[in-house]
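Sequence lines, in order, name chains A and B. Residues in the first sequence are numbered consecutively from 29, following our numbering. Residues in the second sequence are numbered consecutively from 511, following our numbering.
Honestly, the hints are just simulated from the structure, not real lab data. Treat the hints with care, as some may be off.
[Said to hold, decoys possible] Using C-beta positions, here's what the derived DEER-type ranges look like:
| hint | chain 1 | residue 1 | chain 2 | residue 2 | range |
| --- | --- | --- | --- | --- | --- |
| 1 | B | Leu591 | A | Ala87 | 30 to 36 Å |
| 2 | B | Met647 | A | Ala83 | 53 to 59 Å |
| 3 | B | Ala722 | A | Glu42 | 48 to 54 Å |
Predicted model only: the values in this text are computed from it and were never measured. C-beta: ideal position from N, C-alpha, C; glycine also.
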Amino acid sequence: MFNVLFETVQDGEELYLTWLLAGLGWTVALALAGWCFAFVLGIVVGCARTSTNRAVAIASRLYVEVFRNIPIIVQMFLWYFVLPEVLPSEMGAWVKKIPPPWGTFLPALLGLSLYTAARVAEQVKAGIEALPHGQRFASRALGMTEFGAYRLILLPQALRIIMPTLTSEVMGIFKNTSVALTIGLLELTAQARQINEFTFKTFQAFGAATLIYLLLALTVYGAMRWLENHFQTPGQEMKREKRAIPFDKKAEEATP
Amino acid sequence: MNHFDFSVIIQAWPFLVKGLIFSLQLTAVSFIGGLVLGIGLALVRHLEVPFAAPLATAYITLIRSVPLIMVLFWFFFLMPLILMWLTGASRPVQIGPVWTAFVTFTLFEAAYYAEIIRAGFRSIAKGQFAACKALGMTTIQTYGSIILPQVLRVVSPILLTQTIILFQDTSLVYVLSVTDLLGAASKVAQRDGRLVEMYLAVAVVYMVICSATSQLVAVLKRRYTVPGRH
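So here's chain A without its partners, still in its complex pose (with noise of 0.2 Å):
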């Protein structure tokens, strides 16, 4: 079915399944190294939104209004073509002779990351402000510090609820990590598409590549169910029960 990833490359040894198999290296790279970085900086981002002090709130919502609205495709491009023209004159060109594929999965890696940070901030924030408002009055009466009531109480409450939003962001960042080929990443969309230009097998080359795509994003809810049971709080399976997350079985059960 997919005979074409068996040959070999025009004017080459190796397999045209390992520009694949390569490609899925840079996809699964760059959505895990974005993903870290964007849960970190989510997390930090979305305790500034619900704080009291009004120049971190302000600063913080201004951060997500600039990243969450500008198209992902277009911060790579700000971050990949005009960083370094903006930079003072070496530093730019220090930044242009990055060897690839480290110059192109960079401002990637920048970009998404910033890019879904923004996001994961605004349901962090959704899940802080879900909670009772006494818990972190309650805290702060019990001597625990600002950081203590968000490290200890808050954060690790609202973390739980928000985990099904927080997959459906997971498998988010698999699929944009797209977008980097459009400043020149051989990820895996890229490497279907070259493929296909190299052999016009159209049908097998992108075939290869959405059927990779679909076990990824498989793994990826397979692997943030396991998380959300794991670090189930006892006592709370009802409340998750209710709760709608798509491709939940048994939410589809509980339809008239």
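With chain A held as given, fit chain B onto it using these hints.
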């Protein structure tokens, strides 16, 4: 860095506006088409229509698992073949990137809207279905006059937010070299070597439009929420 030259943006402005109008048209057409198809898909799944329901589920799952760029490539290469088969022509019927974009975005968004609307169906109290039946309403009457108006009202903020994301996503037609807002900017940028001005201008335009519309959605949500629901 070369001097930031604002006049470059002003000169290119009419061309950028043309691109923006295309982006907005693409958004509007995919919103309407996607919504109609999405309601259809959601209904098929909700009514558990034999044979069609699993197909709808498979379609929605597939589309939602694959990046939009990949879907754009699929349709760009597939549409000519499908049209050849449909019209019985002897060679692939080329429809060009613009039509590809309209068809792809409509079909792509339908899957996302369908999931949102399906979640809306779940928010309707089950007793309403029973009550409709007791009043002797047909399925069309039940859904057309009772269920759907409520569902659409409940999910409209989410639908509109999704549409803002759709508007942002239309910039991805760049991969088909279509002249949308970003496409127009990149053509000028490459012709005149003015990447900084053009891409910054585009970023600001997108940010202003998306930021303003999301504020608007938030206001509408507060004003038009059905009392007693949230």
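**Q.** Structure-inconsistent hints, enumerated in ascending order
**A.** The structure breaks only hint 1.
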